[in-house]
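These protein sequence lines are chains A and B, in that order. Just so you know, we're using this note's numbering here: the first sequence kicks off at 104 and counts up by one. Just so you know, we're using this note's numbering here: the second sequence kicks off at 104 and counts up by one.
Keep in mind that a hint or two might mislead.
Where chains are identical, the list cannot tell them apart; a pair therefore holds if satisfied intra-copy or between any two copies.
[Unchecked claim] Straight-line Cα separation of at most 35 Å, DSBU-like style, residue types lysine-lysine; simulated pairs:
id, residue 1, residue 2
1, K324, K256
2, K373, K137
3, K275, K373
4, K429, K373
5, K373, K341
6, K283, K373
7, K373, K271
Quick caveat, the hints were computed from the structure, so don't treat them as lab data. Since the structure is predicted, the reported quantities are computational estimates derived from the model, not experimental observations.
There are 2 protein chains.
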Amino acid sequence: MSPTRFDVLSIGNAIVDVLARVDDRFLERHQLAKGMMRLIDEETAEELFADMGPATVISGGSAGNTAAGIASFGGRSAYFGKIKQDQMGELFGHDLRAQGVHFESVRAIVGPATARSFILVTPDGERTMNTYLGACVNLTVDDIDSAVVESAKVTYMEGYLWDRPEAKEAFKRAAAVSRKAGRQTSITLSDSFCVERHRDSFLDLIRSGIDIVFANESEIKSLYQTQNFDGAMQAIRKDCPIAVLTRSEAGCVVVRGEEVHAIPAYPVSKVVDVTGAGDLFAAGFLHGLTHGLKLAHCAQLGALAAAEVISHIGARPEVNLRAHAKAVGLL
Amino acid sequence: MSPTRFDVLSIGNAIVDVLARVDDRFLERHQLAKGMMRLIDEETAEELFADMGPATVISGGSAGNTAAGIASFGGRSAYFGKIKQDQMGELFGHDLRAQGVHFESVRAIVGPATARSFILVTPDGERTMNTYLGACVNLTVDDIDSAVVESAKVTYMEGYLWDRPEAKEAFKRAAAVSRKAGRQTSITLSDSFCVERHRDSFLDLIRSGIDIVFANESEIKSLYQTQNFDGAMQAIRKDCPIAVLTRSEAGCVVVRGEEVHAIPAYPVSKVVDVTGAGDLFAAGFLHGLTHGLKLAHCAQLGALAAAEVISHIGARPEVNLRAHAKAVGLL
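Extracted from the complex, chain A is given alone in its bound form (with noise of 0.2 Å):
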């Protein structure tokens, strides 16, 4: 097999994050579900945004969040998504960049803005995601450079992918290009209305051959239809070779054939925002397996920098996760 140019390739629906702190009446106010994310049209964006208080803007997007946190751990990390060459898509491109991301997906020059997500923050550090999709609704098969794919060890996409069709085709090729190059591929499965919406293509395309799932516990019960979290898992390992499931401050499991292991969360003395919090657990855990750890280590590293993530606001590191890892012996 020939040399691999990159340890992740994540492709996702590529966003600004608009945060902005509200109590739990605005969330009333708004009939907004605490802690999901709904998909908002451009009116909805410009009503909610109106009624917002001060906000502060910072690269997010699920898969981003990912690829910025593999570059922190110092991994070779590339990205696929679709700004627009506004002012939002330059700062989105610049960040991951700045983090040492090779992202050279092609810009729209018309059409939608540069797609932006209204996070707002409640006081318990929840955050319920209103997404302007904007400039992803033209990611297409297109963007997909089958070179990158075929030398990135991992392809790793969102299930947020799935909500537009020309974005769901451009994941089955990018999927299909990366195992015919004998690489490995991986989804998250972004939340649990996500799941909802596309519940049956997932589990085909789970069974047709994805190496490793991520879910968090809502997730994973809504994908197999069950309240019961063990009944969940034990459907997961029968359909994909690993499947790592998160569980907030209970920690993960990892399941692979007949291993399980169990992770506890890493301590946080104060959640001040989640958002991202998945986005890094799996960063941190494709940075070790793609580097050969094994996979109790690999959750660490994945709880470590979910960890951080959800100790400030926004969903990027803001500390550089390998030295923060080595400092704590976890490299």
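Let chain A serve as the given structure and place chain B on it in line with the hints.
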């Protein structure tokens, strides 16, 4: 005298802050003097941005921060400043209005983009600012809405406006309209380099009838070309009715004729980012003054607001300053 519609009208360069954490070596590599503000052209802005790490974008601008602070205290706040009709300008306008600030300045349709200041925050919490003025160069006398100036108790302006001849004219017009309406005028000297660039002209302006001058220690020393703080204080008390001299952790001194009040700094558990300290001090002070509070009390409100803003990243308050001041017994 007719009733007022606003307590404080703030006028300044409308700027979006682009913050990144850097180490001291980054400042050395770019030959930047720590703690200073310098003006940069578009090319330098692009070079610096390309070399900076991942960024956080938050609305800023010295007088913009003050306007936000006044509104957060519950004061009636208005702002004049020039943005372009672009994404960063939209963010800037939203953030002021979301805070409750009256902001109706006409946006530029063509010409340079909304201004950005690249704020490099070193581990000690100091900030080094690199400002690309962009659309601010289009602030002219046409942007001075006399009706708003006449209806504001105090018109407060930043010294930075002096860097552009057109903005300086706008500043002078506003001061003249305010005086003619029997209102008060106030300025901040902004930055010791700014004072060096415009020393004589600042002195002429102050002596021509500015009611309240804000300056930090290095700015007031630079204005009177002395190394002696007391000497500078004696000089300014002859030149203007009220001078508010801030000295970072050493607190501040307020002088009005024979009166001298020394007020300690408000305690801060950890200084994260000093950006906006002076701007928020001015907000607290002016809020007190426009509500008939005694000078020492005004200074205490200033110290409280400054302490809040340096305890986090960004130059706008993250708490409701009115509630905060009430909670600690200052309102």
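Structure-based check of all given hints:
1. K324 to K256: For K324 and K256, only the intra-copy Cα distance (29 Å) is at most 35 Å; the inter-copy one is 61 Å.
2. K373 to K137: both (19 Å within a copy, 31 Å between copies)
3. K275 to K373: Answer is neither: 39 Å inside a copy and 49 Å across each miss the 35 Å cutoff.
4. K429 to K373: both (22 Å within a copy, 26 Å between copies)
5. K373 to K341: For K373 and K341, neither the intra-copy (37 Å) nor the inter-copy (51 Å) Cα distance is at most 35 Å.
6. K283 to K373: neither (45 Å within a copy, 54 Å between copies)
7. K373 to K271: neither (37 Å within a copy, 47 Å between copies)
In summary, the numbered hints that this structure violates are 3, 5, 6, 7.
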